[in-house]
Amino acid sequence: MNTIKNKKMIACNLEITNNARKGVEQWFLNEQAFVTSESAFDLYIEKKPANRQGNQSYALFFDPVTNKRFAKEVQQRVAVMECVVKPDGLVATGFHVRGTKEPVQTNRRLHVIMKFRLNRAGVALPIEFYTELRDLPIAEERSEYVKKRIESWEGYLQIQEKNADVEDITCMFSNASFSSDFTKLYMQCNDLHTKNWKQLRGFSVKVLELSTEIGQVIEAQKPKKTIVIELNQQFQKRARVENWLPATNKKIVLTNFAELSQIRRLRRGFKDLEDGLAANANLEKVLFEERPVVQINNKEPVLEYHNNLNEFQQEAVAGAMKAHDLYVIQGPPGTGKTTVISEICYQNVKAGLRTLVASQSNLAVDNALGRLLTDPATRILRYGRSESIEEEGKRFIEENVALHWRDETVEAVQTTRSMYKAKDAEMLQLAKSLEQKKQQTREQERQLTEKLRHQKNLESELRDIEKKYSIEQSLLDQVIKRSMDKKEAITIANKQLQTVTEEMSTLQEELNELATDKVKEKLSNMQEEYQQLKKEEMYSALQTTVQQTVMDAADIAKTLREWLATEQTFQTARQQIQSISKIGAMQDVLSEQQIDLPIHIILRINELQRGIKLIESGEFTYEFQEWKELFERFQTAIDKTEMLLLSHNFPVATIEKRTTENFKTIQEMHEMIDRLGRFLVNPETKKVLQIKGDSSQKNVVLSKIAKGMSLFYSKEEEVREKGAAISQRQIQSVKQLFIEIKNEVLHFLNSEQQEIKLEKHRLQQRSTELEKQKQTAQRAIDDWLQQHVAPLEHKEPQQIAEQINVLEAVIAEYKQKIQHSTQLTLSIESTQLKITSTVQLEKSQQQQLLVIEQEQRQMVEQCEQLKTRIEEIKSQLDHTIESQLSHLEKVYNVTNAQLSELNKELEQLPVLQDLQAQWEQLLHEANEYDLDEIRKLYVEHANVIGTTCVASASKKFMDEYPVFDVVIIDEVSKATPPELLLPMLKGKKVILVGDHHQLPPLVGQETMDELVDQQKDPEVQREMKKLLNESLFERLFRTLPKQNKTMLSIQYRMHEKIMATIAPFYKEGNYQLQCGLPDSNTMRDHLLETFTFGRTDHLVWLDTPNTRPFYEDQVTGGTSRYNEAELKIIERTLKELEEATEQAKVDGRMNEEDKKSVGIISFYGEQVKRIDRLLQNELKPKHLHCRTGSVDKFQGMEMDVIILSFVRNHGEAGGEIGFAKDYRRLNVALSRARELLIIVGSSEMFTSRTKNASTRTMYRQLKAVVKSQNGLKMQ
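For the sequence shown, the residue numbers in my numbering are 1 to 1275.
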């Protein structure tokens, strides 16, 4: 079990409910046998919605592949256990087994290794495990989310189903023949009647007599009444050994089974995404969220590129390798998308990753694989039907890979052997050269060593002088510092003298301003006024005291009356409660008297009410429930055992109760039942009981069972009595609790009454004290009036206090002035002393400065002499000598190592040449068996696999390649979302390559619009409209962060003048299309000269008037259109091109065998048909390789010259231009030409008559580009 070895194991307590136990015992003897079936379980945990009790539930999926012993017990099926999580483990609430095909591993489940311990609580689960469980998404919700969002994609499948809804065709074949390689069968069917022979391509063919499908139609030849069938592998092999075609019953059935099968694959992709089976768990967010969150990787990869990439291609490759989930590459025409895909594949191979290259078309897959570098480590495999695979890809199909690998390996060996032959002489010459180099290096070392010795002496002298210079310089610095300090001291002394003199003058002026005698006189008057105010303040305070005591006495009298009323309320309640026997009645009394109980009594009342409610509901305690569960289990065990004994005619009525002192606890009694259960399911017991009739062995077994039953009877009664006792005990506890609560309430009421009495006594004492205070204050007032005259006017205490405060402030101010005068006198005397001292200090500093300056001049002269000598010595030193010596030593060592290695290689060369020769011989002599073994190894280790999007969902491919490290999807814009989903499901990382400025997948727009209108769900309808307006690729390129996307901005296909026509389509933010051709005129020279254009012309518009002779026509009875005037211009232009190509060959500009490739394209199929007839019936060019097609079908192709026929030209008021209004279609049309683009059509029609403003602007811009190059030619 490798998975278990690589993951940390979680030890977990497990409790099993009755429901889960029933499920377990259907497959295991008991729960103990279940948990011990594996030492540890390999599980995948899925988060479920919360259960009815509000608990978060989980489902544990047991992997039948890794849990081998467990899987054997459940018959290799997938077991699922429902659980809820507790802090110390899991509680299993259910257990059931599902089918063998039930998926176990999904991206919504947590993979863990878990060891279960039954009923052993106590150890908490790891916090990391809790966090991982919490972060899991609820799987059902995610599935519903995906299902809802993916409904908008159903429209694509409904269209395909509509197109594929074709009845089977039955016919007879007259003649049949095999191809030379027996892979194809040609059948002539003269009675095959169908309107659309082209529709037969892809139909499955079934021969009725064989009752099986033989292959698929790959070609339908209507004129010959013949269908070409590619045979499947079984019938190819049979055709090589026998003629299996029926001789009599030649009836065959053609069915569109393949198309319907493809639709089933697409729909299965929907289901896989809903079920969380995508290799990348983030895929559903990428597909459906407006701005998907992707994991950012800031570590830059170190890459060695093998293709010659430009800066944008390198950015794309590095970004793709760095991305974690998703990377999007926007590739305009000719920008090297295929080269980038090739490089990413190569880098993945180097990193040991397996890559899937997928696309909607086989051509794109084969182009990408064909560009991969030839590298021994890259093993390419092309998967798909061989007839659909291009030549580039056929060498990589399974039947060809062995030969392809052998041929490439032989070529590499031959190249290596040729290299070895030429290398022998080169190596001898190199050895001689290396020996000479060694000797030269030694001589250079000797010369440098002598120079180094002389330099050491100079360096010693230099060190001595530098040391002396350093000392002198240090002394000089000290002298300079002393000089500066003295100058600074003199400056400071001058400043101090000036400051002190000014301070002396200021102090004298301030002292004169103070009139000390007047200040003292005012101070005396104010102090007398202050004493009078203090007396008035005392009188006012006494009056206030008397008034306050009177008010306080009145408040106390009021409070005493209130307390008397409260005391009476408590007394009444206490008398009523003493006779109450029910909690409800007691609460009514308390409520009526408006008495609030303390919180501890309220909590106990709540506890009493809960107990009463439990008794009334019959639930009782958890202990009672345990005994009840045990009693029910005893009843079940007794019933089943009695039935067993009766089935064997045992006299159950004779069994008597038997008591025992053992098995007292609940756990022991459960174990007692389990022991009897294990005895009954024991294989030996079952074997004995299966004996028919009476036997001694059977009687012994039945007696043992009866003995156990006798204990069961007594224990059942014991358990019943225990339950009854618990019930009675709970009722008594409730009664006792009521008595306690009643006593507590009475005690509370009594204590409250006592508190009221104490408070009344306190208030009465306070009233007495206030009366005394009042009398004391009144006596003080009388005394004051006897000593003083009552104030003439009444002043408030606050007014008196304010007057006192003002006087106190003024008195303090005058005192401070007197004190300040004294301080000024002292300061003047001190300042005079400072002035004298400062003058003496300045004279002393000036004398010391003169001495220091003389010493400084002498030291400066001495330092200059030392400095001159130091510079002389330094000019003679060469500091590179040691590095030169070190370099020579390295050169010598490297040369010596090279010489040793070369000598070894010379010795080994003959052996290597011999081994290479033997290897080449073995490869040449490889037989069929060897090649088959090579094929098997190659396929097993293939690391770059290419297939179409739909083929990636075939059963065989999914079985062989369920997951890829990287999935690269090319031409994303041409695939529908359901097609893209199939390969994306397989990728841990997905790289999307495409161009949303080119045409979207071919889906009938009108049909999709109809489906949108028919959709009833507004949310789904809105999503479908978004898909029509903006493709998945376009949305991702718009919303992804810069680290996860890039645009290939340098194109190499077309001349820069042609590129100018499409450049406006690719101006997005910082992105802008550039031309990567160093010299467009040389590299894209079409070499042709005609009457209409010259070699310097690369963009031409043959402009037709918007008049009747040049108007379009419509097919009778059809919708397609054509333009005869444009056909004539195209005919003339092709003739000019034919003549110009022939002349270029004559002039030597082109090789005789070369042909100029010309594509003639149009927006309308009828115009293409008429151009085809023109080429085949009339022009038949010899020097041109012509190919025609609609613009849509030319997407992905490129030619030297493109002639584009616009067709639309009319005088109708609406100015309708049909298909040509889509900028993406125009972009495709303009970007197919490498050297020369010729447009045929009416510029007035498209730039002026068209009704849509944005379309007019688009074509005006095109016309301006053509006109700027002098390419507008009026017809």
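Possibly wrong hints are sitting among the right ones.
[As the list claims (entries may be wrong)] Derived DSS-like pairs (lysine-lysine); straight-line CA-CA distance at most 25 Å:
1. K437 / K890
2. K664 / K686
3. K1182 / K1128
4. K487 / K834
5. K936 / K350
6. K1273 / K1263
7. K456 / K874
8. K237 / K250
9. K582 / K640
10. K904 / K438
11. K1067 / K988
12. K271 / K250
13. K904 / K936
14. K115 / K7
15. K890 / K956
16. K437 / K456
[As the list claims (entries may be wrong)] For each label pair, taking beta carbons as the anchor points, the in silico distance ranges come out as:
17. K86 / H600: 44 to 50 Å
18. I480 / K874: 44 to 50 Å
19. K495 / K874: 44 to 50 Å
20. D191 / K147: 45 to 51 Å
21. S474 / H820: 36 to 42 Å
22. N662 / P683: 25 to 31 Å
23. E141 / K582: 38 to 44 Å
24. K86 / S727: 39 to 45 Å
25. P683 / K68: 18 to 24 Å
26. V241 / M1083: 23 to 29 Å
27. N649 / P683: 21 to 27 Å
28. G94 / T685: 26 to 32 Å
29. V65 / K904: 19 to 25 Å
30. N249 / E1131: 27 to 33 Å
Calculated from the structure, these hints are not laboratory results.
Using N, Cα and C, we set each Cβ at its ideal position, and we do this for glycine too.
For which of the previously enumerated hints does the structure constitute a violation, in increasing order of number?
-> 2, 9, 11, 12, 13, 15, 16, 17, 18, 21, 23, 24, 26, 29, 30
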